[in-house]
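The opening position of the sequence shown corresponds to residue 1 in the working numbering, with each subsequent residue numbered one higher.
What the hints contain is simulated information worked out from the structure, not anything from laboratory work. A portion of the hints provided could be inaccurate.
[Claimed, not checked] Below, simulated DSSO-like cross-link-like pairs (lysine-lysine); rule was C-alpha separation at most 27 Å, straight line: (1) Lys193 / Lys105; (2) Lys193 / Lys101; (3) Lys234 / Lys54; (4) Lys101 / Lys186; (5) Lys67 / Lys186; (6) Lys54 / Lys67.
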Amino acid sequence: MPVTRKLMLYVLLCLLGLTTVFPFLWMVSTSFKTQTEVFSLRPNFIPRNLFTDKMWDNYQTILVRHKFLRYVQNSLFVATTAAFGQLVACSMAGFAFARMKFRGKEILFGMLLATLMIPVEVTIIPEYLIMLKLGWYNTYLPLIVPSMMVGSFGTFLFRSFFENIPSSLEDAAFIDGVNSWQMFFKVFLPNAKPAIASLFIIAFMNNWNDLLRPVIYLDSDHLWTATMGLMQFKGNYGTQWHLLLTGSV
């Protein structure tokens, strides 16, 4: 590739990268501004109180007055627990659909995939009534337990990955006298690290960003997750953008 063309390509990539990073940089910049400065008619990228004694006022406000660090800890607990539970359930289900033989396997797997077409809003009311009957309202269980169930996407991911593992490994393990549990834990799981990492990241992010279930099930403010903590800065008559973006950072 000619040097001029390569240079133009690098410049274009840098511009695209800057376009992608700029919203995050603006969010960081706004986190150091006051509410008045945010709504200024002449927006400025560099905050006026940068490197002054009021530079960290927004962070002190959300961490001390609004106890935002507690909300982050709650979100970490919920998201991590739910992600690990989903890994266990989906990996086992994927192994069963990929390697074990039982009657109606394909029909059952098709029914599981069909649940991908059902939106969350359809099941949220029956789910709420069930959680209410179980006495799980205002606890983390309604946020964690449904996510720990066998998920369609996670099961499909592990099934596809396990089907691509050579059958020679399975045959060699059976010759050595291992059972199905040992096969799963000692042969298939160690070779499924990419699938494990992918599903954990996806499940963690989905639970971290979830706002619907925390709003429905969590009443006490000490149980709030980070998404609910951010929502307190958005009111009926206005939004405290400087605090909202500080919490987002």
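These are the hints, each one checked on the structure:
1. For the suggested pair lysine 193 and lysine 105, the alpha carbons sit about 25 Å apart, so the restraint of at most 27 Å is met.
2. A hinted pair counts as satisfied when its Cα atoms are at most 27 Å apart, and lysine 193 with lysine 101 qualifies at roughly 24 Å.
3. Between lysine 234 and lysine 54 the alpha-carbon distance is near 23 Å, which keeps this suggested pair within the 27 Å criterion.
4. About 20 Å separates the Cα atoms of lysine 101 and lysine 186, which keeps this hinted pair within 27 Å; it holds.
5. Of the pairs offered as hints, the one joining lysine 67 and lysine 186 is violated, with about 44 Å between alpha carbons and a cut-off of 27 Å exceeded.
6. For the suggested pair lysine 54 and lysine 67, the alpha carbons sit about 19 Å apart, so the restraint of at most 27 Å is met.
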